[in-house]
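2 protein chains.
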Amino acid sequence: MEYRFATHMTTITGNAIREIFKLVGNPEIISFAGGMPSAESFAKHEIADIYKELLDEKGESLLQYGATDGYYPLKVAMVPFLADKGVTATEDGMMIVSGSQQSIDLMCRAFIEPGDVVLVERPTYLAVLHILATHQAKPVGVEMQDDGVDLADLEEKMRAHRPKILYLVPTFQNPTGRTMSLEKRKAVVALAKKYGVVIIEDDPYRDLRYRGEALPAIHSFDDGAHVVYSTSVSKIISPGMRVGVVVAPPEILRKLNIAKQAVDVHTNLPAQAVIAEVLNRGIVEKRLPAVLEEYKVRMHAMLEALGKYFPQEVKCTQPDGGLFIWLELPEGIDTTAIFPQAVERNVAYVPGAPFFCDGTGQNTMRLNFSASNIERIDRGMAALGGLIGELV
Amino acid sequence: MEYRFATHMTTITGNAIREIFKLVGNPEIISFAGGMPSAESFAKHEIADIYKELLDEKGESLLQYGATDGYYPLKVAMVPFLADKGVTATEDGMMIVSGSQQSIDLMCRAFIEPGDVVLVERPTYLAVLHILATHQAKPVGVEMQDDGVDLADLEEKMRAHRPKILYLVPTFQNPTGRTMSLEKRKAVVALAKKYGVVIIEDDPYRDLRYRGEALPAIHSFDDGAHVVYSTSVSKIISPGMRVGVVVAPPEILRKLNIAKQAVDVHTNLPAQAVIAEVLNRGIVEKRLPAVLEEYKVRMHAMLEALGKYFPQEVKCTQPDGGLFIWLELPEGIDTTAIFPQAVERNVAYVPGAPFFCDGTGQNTMRLNFSASNIERIDRGMAALGGLIGELV
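From first to last, the protein sequence lines stand for chains A and B. To convert, note that position 249 of the first sequence is 249 in the working numbering; the numbers rise steadily by one, no gaps. To convert, note that position 337 of the second sequence is 337 in the working numbering; the numbers rise steadily by one, no gaps.
Because the hints were derived from the structure by calculation, they are not lab data. Backbone N, C-alpha and C fix where the C-beta goes; we use that ideal spot for every residue, glycine too. There is no bait here: all hints are sound.
Heads up, incomplete: computed chain A residues facing chain B, CB under 10 angstroms, no partners named:
1) LEU55
2) SER61
3) HIS135
4) GLU251
Kindly generate the complete structure, drawing on both the sequences and the hints.
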């Protein structure tokens with residue numbers, strides 16, 4: 001039978017990273033391709049105990065259907081969790097989502113009609129480009145500098161394209177690791193107001209800071225109308241539990257709720273209750289410093305290996321936190337084309353092109369340092385640097 | 001700020017049932033409005049123990065990101081679970097979803113462009129009408145008889161509308177409780193082939209049978225190309241865990257996977273692992289008979305109360321299983337209009353109109369019997385029957 005798929009779905013391929021994950025299942029391959037937190041960082045026994053305790057005690061309600069906007073005790077626990085990030089929100093001003101990425105999909109459902117423009121950083125989180133494609137939004141890239149988007153280019157593109165949404169990952173951006181400066185955080189809100197654009201501030205990495213002072217969320221400079229703030233506990237508690245939170249103006253929140261009713265009714269309820277307890281019992285505060293110390297060591301090991309094994313022509317970012325380092329190779333080296341050669345040498349990364357909305361970036365790549373220990377980082381980087389050295 | 005929501009989202013209101021849930025939070029109100037399994041049916045201690053055991057043992061992998069198509073051991077456990085229903089599927093022929101309802105949303109993402117026709121039963125599951133609205137699909141209702149859709153009307157509408165999808169709940173349908181006959185199950189597949197339509201067979205209730213013999217799934221009469229089968233463990237293990245499964249032809253499955261990557265990356269991983277163990281350890285088989293016995297008693301109590309307290313002009317379905325009884329009141333009684341009067345008498349139901357895609361059904365209502373004990377069923381039905389008696 002010839003299926004009559006929606007026209008735009010006939011050309012969309014899978015998320016590039018998730019396809020690569022399948023390739024690098026082989027444990028001999030040192031993978032810098034993921035965006036996963038270190039599995040040793042999970043508080044698995046505490047989480048196991050909390051699941052048991054909560055289900056034994058109130059399994060009747062936790063195994064039953066729940067509210068679309070989220071489990072109330074988790075919303076209560078999210079208030080101080082968000083306040084720490086400079087995000088003021090009441091229980092009624094947020095919705096629990098099935099991972100921070102779901103916020104972006106729900107925002108597209110609420111706002112996007114085919115052809116609507118969404119401004120994104122260039123490069124940006126590739127899953128967002130995938131989401132935009134499924135909604136037939138038109139992504140337009142805004143140039144980036146080391147301290148975040150180029151404001152002149154941003155204003156020019158707001159004026160020219162009248163975008164509905166500006167999508168930003170201002171802190172330890174995926175894929176570059178860059179952080180937007182304080183001045184630019186204020187400036188993007190002012191531009192959003194001037195041009196009537198809603199900003200999605202996607203902020204899943206901000207608790208992973210290894211040096212320098214935390215900056216307030218873009219949301220803190222808003223008047224309550226222009227910034228939708230989304231974050232998750234995937235990087236500090238567990239990504240497999242798929243729990244995030246979105247803070248939005250009431251009118252937008254109502255649309256997100258209507259959209260979520262259609263998507264999955266509500267987020268897994270036992271997981272919501274467990275996350276509430278993990279936050280309330282201070283388990284993150286207790287464990288995170290050691291995890292950050294280890295990630296910091298891994299990031300430095302990778303930066304050091306870059307200096308040691310890679311040709312000088314390769315440029316890299318110098319993040320203050322997060323999970324990623326971004327490489328720019330000399331023009332002419334296509335990181336997608338050489339990927340099989342890297343895998344042959346037992347090392348994997350993510351080619352940079354899928355992070356660009358305009359088909360460029362062939363000479364870039366994203367490296368993750370959090371999921372490998374320093375011995376494997378050194379070994380993998382030696383192999384990768386060797387390969388690139390031969391090509392330069 | 002005036003938000004530029006997508007045009008079609010400006011007119012969609014929330015799912016009627018979820019709005020009613022908010023109204024009937026008061027425990028004094030006897031609610032026949034939900035579609036919830038009985039909370040006492042949950043194997044909460046077994047589930048608590050399994051969560052603890054699995055997370056203690058392999059929390060590193062269960063708290064990490066997982067595959068979009070699902071946790072492999074759950075797929076393995078789903079093979080015999082599906083075979084019991086007459087659905088032959090390999091691990092590669094299915095995808096785990098965040099509740100059976102997600103299958104329908106993903107199917108819409110894969111197939112629907114604005115204005116595309118989807119045939120539904122008349123009445124049909126109201127959440128599906130909500131999903132179709134968010135995708136701007138055009139639902140067209142097919143007349144129902146006591147043994148399922150009217151085949152002549154179905155063929156007529158397939159011919160006239162060239163629908164992409166036919167959505168069916170053939171067993172203990174929501175909202176009517178009706179079951180499609182064996183002959184019609186075969187016939188709808190033949191019509192789907194003839195007119196190039198994909199059938200979604202949504203089958204979450206089939207394990208809740210109180211009398212008669214189980215019928216094979218529509219999927220069992222397919223040649224592997226025309227039927228997408230979706231079910232969940234919500235009614236027999238836990239709805240709050242949001243775990244379902246969809247079986248589809250490979251080409252469709254690829255599109256569903258691409259769509260799910262955008263929606264929620266993957267379904268909550270600890271929940272998937274726990275459901276696999278609940279299935280593997282035979283906990284459902286051990287507990288379900290007693291649950292079914294109780295539901296059967298409740299259904300009979302409700303049918304008996306209908307005879308005792310309701311005027312003879314009220315017609316009702318006589319289901320063989322499931323969670324619902326469907327009432328048709330005399331023309332002129334608007335069940336939405338009288339809903340506040342029912343709530344005043346401490347009883348709630350779901351007005352029938354939202355289950356119709358064509359704005360009709362004002363004189364119908366759906367009653368759930370599984371969530372109330374027989375004492376409350378008798379008391380609530382006396383109150384509701386009294387109200388309707390006054391109006392007839």
